[in-house]
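Now for the letters of each chain:
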Amino acid sequence: MNDMARLQKQRLALYGWMLVAPALALMSLFAFYPAIATLWHSLFTRGTTRRPSVFAGIENYNDLFADPTFWIVVWNNLIYAGITIPVSIIFALAMALWANAHIPARSFVRSAYFTPTILPMIAAANLWLFFYTPDLGVIDQITGFFGASPTNWLGQPETALASVIMVTIWKEAGFFMIFYLAALQTIPPDLREAARIEGAGRWTYTRRVLLPLLMPTTIFVFVNAMINSVKLIDHLFILTKGGPNNASKLILYWIWEMAFAYFDSPHAAAMTILVLLTLGLVAVIQFRLVEKRTHYR
Amino acid sequence: MTAQTPFIQIKSVSRVFNGGNGVHDLSIDIPRGSFVVLLGPSGCGKSTTLRLIAGLETADQGMIAIDGKDVTNVPPSKRGLSMVFQSYALFPHLSVAENIIFGLKVRKTSKDEIKTRLTEALNVTGLQGYEERKPAELSGGQRQRVALARAIVAGHPLCLMDEPLSNLDAKLRHSVRKDIRDLQQRLGITVVYVTHDQTEAMSMADIVILMKDGRIEQAGHPADLYLKPATAFAAGFVGSPPMALMPASALPREVVPAGLDVSRLTFGIRPEDLALTTDTTTKAWGITATVNGSEFLGAETFISVAIPGTEGATARLPGRVHIAPGTQVSLSWAGAAAHWFDGEDGRRLAPTTSRQSAREPNTSIETDTAIPSL
Ligand SMILES: Nc1ncnc2c1ncn2[C@@H]1O[C@H](COP(=O)(O)OP(=O)(O)OP(=O)(O)O)[C@@H](O)[C@H]1O
Ligand SMILES: [Mg+2]
Chain A
-12 MNDMARLQKQ RLALYGWMLV APALALMSLF AFYPAIATLW HSLFTRGTTR RPSVFAGIEN
48 YNDLFADPTF WIVVWNNLIY AGITIPVSII FALAMALWAN AHIPARSFVR SAYFTPTILP
108 MIAAANLWLF FYTPDLGVID QITGFFGASP TNWLGQPETA LASVIMVTIW KEAGFFMIFY
168 LAALQTIPPD LREAARIEGA GRWTYTRRVL LPLLMPTTIF VFVNAMINSV KLIDHLFILT
228 KGGPNNASKL ILYWIWEMAF AYFDSPHAAA MTILVLLTLG LVAVIQFRLV EKRTHYR
Chain B
8 MTAQTPFIQI KSVSRVFNGG NGVHDLSIDI PRGSFVVLLG PSGCGKSTTL RLIAGLETAD
68 QGMIAIDGKD VTNVPPSKRG LSMVFQSYAL FPHLSVAENI IFGLKVRKTS KDEIKTRLTE
128 ALNVTGLQGY EERKPAELSG GQRQRVALAR AIVAGHPLCL MDEPLSNLDA KLRHSVRKDI
188 RDLQQRLGIT VVYVTHDQTE AMSMADIVIL MKDGRIEQAG HPADLYLKPA TAFAAGFVGS
248 PPMALMPASA LPREVVPAGL DVSRLTFGIR PEDLALTTDT TTKAWGITAT VNGSEFLGAE
308 TFISVAIPGT EGATARLPGR VHIAPGTQVS LSWAGAAAHW FDGEDGRRLA PTTSRQSARE
368 PNTSIETDTA IPSL
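Heads up: the sequence lines are chains A and B, in that order.
Counting in the working numbering, the first sequence runs without a single skipped number right up to 284 at its last residue.
Counting in the working numbering, the second sequence runs without a single skipped number right up to 381 at its last residue.
Hints may be right or wrong, so weigh each one.
Said to hold, decoys possible - Here are some of the chain A residues that sit facing chain B, going by a computed Cβ distance under 7 Å:
#	residue
1	D177
2	L178
3	R183
4	I184
5	E185
6	G186
7	V196
8	P199
9	L200
None of these hints come from the bench; they were simulated from the model.
Each residue gets a CB set at the ideal place from its N, CA and C atoms; glycine is no exception.
Please build the complete structure, drawing on both the sequences and the hints.
Structural data, given as structure tokens:
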């Protein structure tokens, strides 16, 4: 009997491995191996025909820290993340609450909010390129109406990053709204009625019941927004190309530049490793901190 | 405020949804401290009525007053009532204790007060030791008690319950039914309770309000509904097994009281009022029927019989009775035990006269006349 149980267990374990094997193989080939290769690559100098690449240790990393562009790009990305993440989450939540309420033309409101999401980032960027056009664009038309002089939103260091941030929020909020909307629809309407009878107003209900119940969604959305703040740079290619004077350059764009514009792959590899480390660290901290206080149904 | 003033007054209230369903021209008076059950088949408007009292639905027409105050357009939280939902509507992310004191916290009750009230509510519902659990970690019955504790903790004089027992198994339902009734008596609160289970209604209520298609079919003490159903619908709905109803034309002419039009007449008889004999010769009168089957329940036996031209009937006989299916039997009853209804609109006709001649029905229900009048 005991042997039977053990055999059964072993068989289950075998099934388990068999089930994860295909995914594991593909992951190894396309994710783990490249990550390790990148780490390896980042420890060597850049090879040319005259000077073959040699082991350099952490030399590449030291170079990065010494480069002023590194600090600009990191700072830009921090600001970019620090604004796009909370703002798009708040917008997403607000839009979801609004689109979930019993309002006329509800499905129209929902699709209107969702439209930016279905546009490719490149198309969205082109659209905003038009909005931002000095003098002719929609934004200058509006500010001009109030008497402001034309502004080169994308062309001046003071506004370039903010303009890029704007596009990202516009693009992401609608996407995150869908997750909130889905989560809101799983919350039984009884809870609201119970809260109403207990004397809770709209705000109390939102704060004491709705937000805690939406916490798992918020975590999911937060992680996605964080990854996107590093990963999503398509619009930079259309809007600013990281300029002017690195004012809107983000980390991934810089990595791309190093690797494919200046063909300096070891430094690009080193930077990539730094990004991976940071993201991993943030994810761990986040799950440790937030997970404990979240209610999963 | 005199004792005569009803605690809840509903005057010609209508709430009609798109499609014409809802409740129509409802008038109910509910005395203070009574246990009122809204009974009726699914979709008859029980929940809608309850939600109108709670303020979760707004009346299209009419007036609702609670404790002498017109609350027709007052929000739920200002009506001084609590509610137990069919799904319990417990907040899944809050512990039992937090769930119970949710309303007290919202109303900014002082910490000490919250603490004493919580302890009291936990004691009353027997939930001590479960304070820190989440609803998901409780059994159905325990969740039901949390919902109950949340409803009584605020000390509101009125508690509304929408089928609070429908998620419990039969045995638990029976004991919780008693608990709720005891609690209501002890706290002296008024309870309006919705159910579609007539046994629940009969066993708990001071007053049963039977509804059908958004209108009140009959309201009164359970015994009234049972002994003097106002309509054929009420007769068929209350009682288990239900009263047998059949067209009077299927009966021998002589059993129909004079003055009633046989062509549009429905005859009803409770299972316990049917006498059954296999001897088809001796009786002066009796209707012939064929036994379909019998159901032995321990203390009594239900014999179902087929009567030509009708949907059949059930007789309830004490103890164990053995009659083989297919046996020819003769059915009879005391004249006063018969109920007569209009064949078209179902109204009760020729109210049963004195019961002296009737064989005592073997039920323990008394005609209690000392109930609050409606
Ligand atoms: N929000 C609504 N919109 C439209 N029709 C509704 C709505 N709520 C209830 N109804 C209709 O009103 C009628 C009464 O509904 P109600 O919920 O009061 O029934 P009920 O007696 O509680 O039934 P049950 O025993 O099944 O709970 C039903 O026919 C229902 O379809
Ligand atoms: Mg209902």
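query = At a threshold of 7 Å, is the proposed contact between A/I184 and chain B supported by beta-carbon distances?
reply = Because about 5 Å separates A/I184 from the closest Cβ in chain B, which is inside the 7 Å limit, the hint holds.
#### Entry: Closest C-beta approach of A/G186 to chain B relative to 7 Å, hint status
4 Å, holds
Any CB of chain B closer than 7 Å to the CB of A/E185? At 3 Å from the nearest chain B Cβ, A/E185 passes the 7 Å test, so the hint holds.
Satisfaction of the A/L178 interface hint, Cβ to chain B closer than 7 Å: With a minimum Cβ separation of about 5 Å from chain B (threshold 7 Å), the hint on A/L178 holds.
- Query: Does the CB of A/V196 sit less than 7 Å away from some CB of chain B?
  - Reply: 6 Å, holds
Next on the checklist: The hint names A/D177 as touching chain B; please verify it with the least Cβ-Cβ distance against 7 Å.
Outcome noted: A/D177 check passes; min Cβ-Cβ to chain B is 4 Å, inside 7 Å.
Restraint: A/P199 near chain B, CB-CB cut 7 Å. Satisfied or not?
5 Å, holds
Quick one, is the A/L200 hint okay against chain B at 7 Å, beta carbons? 6 Å, holds
* **Interface restraint verdict for A/R183 against chain B (beta-carbon cut-off 7 Å)** => This interface hint holds because 5 Å falls under the 7 Å limit.
Of the numbered hints stated above, none is contradicted by the structure.
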